[in-house]
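*Asks:* What follows is each chain in one-letter form.
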Amino acid sequence: MAKNIVIVGGGSGGTIVANHLAGELKQQISRGDTKVTLVTDTPNHVYQPSFLYITINQVRLEDYTRSEKSLLKPGVELLIDPAVKIDTAGHTVATAGGKTLPYDILVIATGSYLDPTTIPGLAEAADVFYTAEGAEKLRDKIVNFAGGTILMTVDVPHKCPAAPLELIFILDDFYRHMGIRDKVNLIYTYPIGRLHSLEPVANFAAPEFEKRGINSETFFNVESVDPQKKVVTSLEGSEVPFDVLISIPAHRGAHVVHDSGLGDEDGFIPTNRYTLKADGYDDIYVIGDATALPISKAGSTAHYQADVVTANIISQINGLPPSRFYDGKVACFVEMGLDKATFISFDYNNPPVPLPVSEMIHWFKLSFNEIYWLSQRGLL
Amino acid sequence: MADKVVDARGSYCPGPLMELIKTIRKADMGTTIEVLSSDSGSARDIPEWAKKTGQELVYNEKAQDGEYWKIAVKKVK
Ligand SMILES: Cc1cc2nc3c(=O)[nH]c(=O)nc-3n(C[C@H](O)[C@H](O)[C@H](O)COP(=O)(O)OP(=O)(O)OC[C@H]3O[C@@H](n4cnc5c(N)ncnc54)[C@H](O)[C@@H]3O)c2cc1C
Numbered sequence: 000m001a002k003n004i005v006i007v008g009g010g011s012g013g014t015i016v017a018n019h020l021a022g023e024l025k026q027q028i029s030r031g032d033t034k035v036t037l038v039t040d041t042p043n044h045v046y047q048p049s050f051l052y053i054t055i056n057q058v059r060l061e062d063y064t065r066s067e068k069s070l071l072k073p074g075v076e077l078l079i080d081p082a083v084k085i086d087t088a089g090h091t092v093a094t095a096g097g098k099t100l101p102y103d104i105l106v107i108a109t110g111s112y113l114d115p116t117t118i119p120g121l122a123e124a125a126d127v128f129y130t131a132e133g134a135e136k137l138r139d140k141i142v143n144f145a146g147g148t149i150l151m152t153v154d155v156p157h158k159c160p161a162a163p164l165e166l167i168f169i170l171d172d173f174y175r176h177m178g179i180r181d182k183v184n185l186i187y188t189y190p191i192g193r194l195h196s197l198e199p200v201a202n203f204a205a206p207e208f209e210k211r212g213i214n215s216e217t218f219f220n221v222e223s224v225d226p227q228k229k230v231v232t233s234l235e236g237s238e239v240p241f242d243v244l245i246s247i248p249a250h251r252g253a254h255v256v257h258d259s260g261l262g263d264e265d266g267f268i269p270t271n272r273y274t275l276k277a278d279g280y281d282d283i284y285v286i287g288d289a290t291a292l293p294i295s296k297a298g299s300t301a302h303y304q305a306d307v308v309t310a311n312i313i314s315q316i317n318g319l320p321p322s323r324f325y326d327g328k329v330a331c332f333v334e335m336g337l338d339k340a341t342f343i344s345f346d347y348n349n350p351p352v353p354l355p356v357s358e359m360i361h362w363f364k365l366s367f368n369e370i371y372w373l374s375q376r377g378l379l
Numbered sequence: 000m001a002d003k004v005v006d007a008r009g010s011y012c013p014g015p016l017m018e019l020i021k022t023i024r025k026a027d028m029g030t031t032i033e034v035l036s037s038d039s040g041s042a043r044d045i046p047e048w049a050k051k052t053g054q055e056l057v058y059n060e061k062a063q064d065g066e067y068w069k070i071a072v073k074k075v076k
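Read top to bottom, the protein sequences are chains F and U. The first sequence begins at 0 in numbering that gives the first Met the number 0 and counts up by one. The second sequence begins at 0 in numbering that gives the first Met the number 0 and counts up by one.
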């Protein structure tokens, strides 16, 4: 009987696992001993970090969209059909199209979605740049903005903890180039007592804010939004008016996780921090945004985890225990404006140390935006 | 005794305080949440946030083996 490996979610993490497995298990797949199936809910694969640049009309969504099919190695069976239920006792995945896929090993890589509904008024009043539609809608406001207050609020948990800070720096530069920076009041808020969760990044950002005249308020957790009066109220008791509200709403794990009884109250899956197995299951691995691990939800996280999970699956089908361990590694390029950036990496045991800000790192980030497709194909 | 434990050891980003904020927002009134953190900064910034938002700091101590901190906050508002 062929071993069935099923991967749910064809985003940054799931695509790499599928391609790595197809490469490593080429012979078993061609002999019919193993089958690798990737189940995803959309035919397109979008590079999410491009949303940052879409928001200021620097790139177009089409340029950062590929068909998922075109990214996959031969040997991966692609099924575009949303998973609706994972039956952990019966070891099957049911899809909206009515298929039931049996699995011997399952990889859950269903990412996270934005849920603005937990805060009254937020969905109505706020713009987002964390989705393709949101970024395009916000772009039209940003490029036509003639002046007033742009307020940014950040809720937890959220993916890519660098992006809010990146966008505020980029907006500062953008309006300087547009010649209207003196008419634009930029206000950045953050849930904890500094400008970013990474202390060195926060320490770097503070004098930059001062120099560039970016206003900020820390210890700011949104409690409610009044869409008519255009005012945000925080848990900590302050009120801030806005003309444009850019929000990073709290994220949740995919519906299928919740509906299958697998996740915590937010739909994120308790996962072993080293082996990346779902707690309590020997045949389920979890990667990327879908885990409940207390680490950054980022593409780099998903990538490093995909390498670990692939190695562990191969051990497991060869009768060995999973013995590759994830070390908590995360790496991020952080844009500091239109033409300079820094780079940070850290893991469970080593705190982050940012590289000095430079134009070169900005160019590295831009080149990674293109290299991404190679990494998805498993070529890096 | 804490009602809930948030193990945020090894977390630099989003970090222990963000994990606490996420959990406390969902918790019922009166719940005590203990955060485990390997970042010494948490012993400072969690109490500061609790004070700012009017939540109750129950304890703030180094674990016996000294490698991490245990900080408990009770949701009172
Ligand atoms: C604006 C922005 C900027 C970012 N910048 C960076 C950056 O600079 N560096 C970085 O490392 N990360 C960055 N990220 C974060 C990064 O994009 C995500 O963390 C990463 O994509 C997570 O990978 P994933 O595989 O877990 O989830 P995703 O890539 O989101 O993939 C999840 C997949 O699962 C599919 N899916 C969901 N539900 C189902 C279902 N029921 N059935 C089948 N399929 C399903 C989805 O369609 C999707 O294809 C950024 C994100 C945003 C929004």
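Simulated from the structure, these hints should not be mistaken for lab results. Hints are supplied without guarantee of correctness; some may be wrong.
Claimed, not checked - Pairs of lysine-lysine residues, derived as DSS-like cross-links and limited to a Cα-Cα distance of at most 27 Å, are as follows:
| # | chain 1 | residue 1 | chain 2 | residue 2 |
| --- | --- | --- | --- | --- |
| 1 | F | LYS229 | U | LYS61 |
| 2 | F | LYS84 | U | LYS25 |
| 3 | F | LYS276 | U | LYS25 |
| 4 | F | LYS229 | U | LYS73 |
| 5 | F | LYS210 | F | LYS140 |
| 6 | F | LYS2 | F | LYS25 |
| 7 | F | LYS228 | F | LYS182 |
| 8 | F | LYS72 | F | LYS228 |
| 9 | U | LYS73 | F | LYS228 |
| 10 | F | LYS276 | U | LYS73 |
| 11 | U | LYS50 | U | LYS73 |
| 12 | F | LYS2 | F | LYS140 |
| 13 | F | LYS25 | F | LYS72 |
| 14 | F | LYS25 | F | LYS229 |
| 15 | F | LYS339 | F | LYS328 |
| 16 | F | LYS25 | F | LYS98 |
| 17 | F | LYS182 | F | LYS339 |
| 18 | F | LYS2 | F | LYS72 |
| 19 | F | LYS136 | F | LYS2 |
| 20 | F | LYS328 | U | LYS69 |
| 21 | F | LYS140 | F | LYS98 |
| 22 | U | LYS3 | U | LYS73 |
| 23 | F | LYS229 | U | LYS3 |
| 24 | U | LYS50 | U | LYS3 |
| 25 | F | LYS210 | F | LYS182 |
| 26 | U | LYS51 | U | LYS61 |
| 27 | U | LYS61 | F | LYS328 |
| 28 | F | LYS98 | F | LYS2 |
| 29 | F | LYS339 | F | LYS98 |
| 30 | F | LYS228 | U | LYS51 |
*Asks:* Compare the structure with each hint and give your call.
*Replies:* Status of each hint after checking the structure:
| no. | hint | result |
| --- | --- | --- |
| 1 | F:LYS229 to U:LYS61 | 44 Å, violated |
| 2 | F:LYS84 to U:LYS25 | 25 Å, holds |
| 3 | F:LYS276 to U:LYS25 | 26 Å, holds |
| 4 | F:LYS229 to U:LYS73 | 32 Å, violated |
| 5 | F:LYS210 to F:LYS140 | 26 Å, holds |
| 6 | F:LYS2 to F:LYS25 | 13 Å, holds |
| 7 | F:LYS228 to F:LYS182 | 21 Å, holds |
| 8 | F:LYS72 to F:LYS228 | 53 Å, violated |
| 9 | U:LYS73 to F:LYS228 | 33 Å, violated |
| 10 | F:LYS276 to U:LYS73 | 32 Å, violated |
| 11 | U:LYS50 to U:LYS73 | 11 Å, holds |
| 12 | F:LYS2 to F:LYS140 | 51 Å, violated |
| 13 | F:LYS25 to F:LYS72 | 10 Å, holds |
| 14 | F:LYS25 to F:LYS229 | 57 Å, violated |
| 15 | F:LYS339 to F:LYS328 | 24 Å, holds |
| 16 | F:LYS25 to F:LYS98 | 25 Å, holds |
| 17 | F:LYS182 to F:LYS339 | 24 Å, holds |
| 18 | F:LYS2 to F:LYS72 | 19 Å, holds |
| 19 | F:LYS136 to F:LYS2 | 45 Å, violated |
| 20 | F:LYS328 to U:LYS69 | 24 Å, holds |
| 21 | F:LYS140 to F:LYS98 | 42 Å, violated |
| 22 | U:LYS3 to U:LYS73 | 10 Å, holds |
| 23 | F:LYS229 to U:LYS3 | 36 Å, violated |
| 24 | U:LYS50 to U:LYS3 | 20 Å, holds |
| 25 | F:LYS210 to F:LYS182 | 17 Å, holds |
| 26 | U:LYS51 to U:LYS61 | 23 Å, holds |
| 27 | U:LYS61 to F:LYS328 | 26 Å, holds |
| 28 | F:LYS98 to F:LYS2 | 18 Å, holds |
| 29 | F:LYS339 to F:LYS98 | 49 Å, violated |
| 30 | F:LYS228 to U:LYS51 | 26 Å, holds |
Hint check: violations occur at hints 1, 4, 8, 9, 10, 12, 14, 19, 21, 23, 29; the rest are consistent with the structure.
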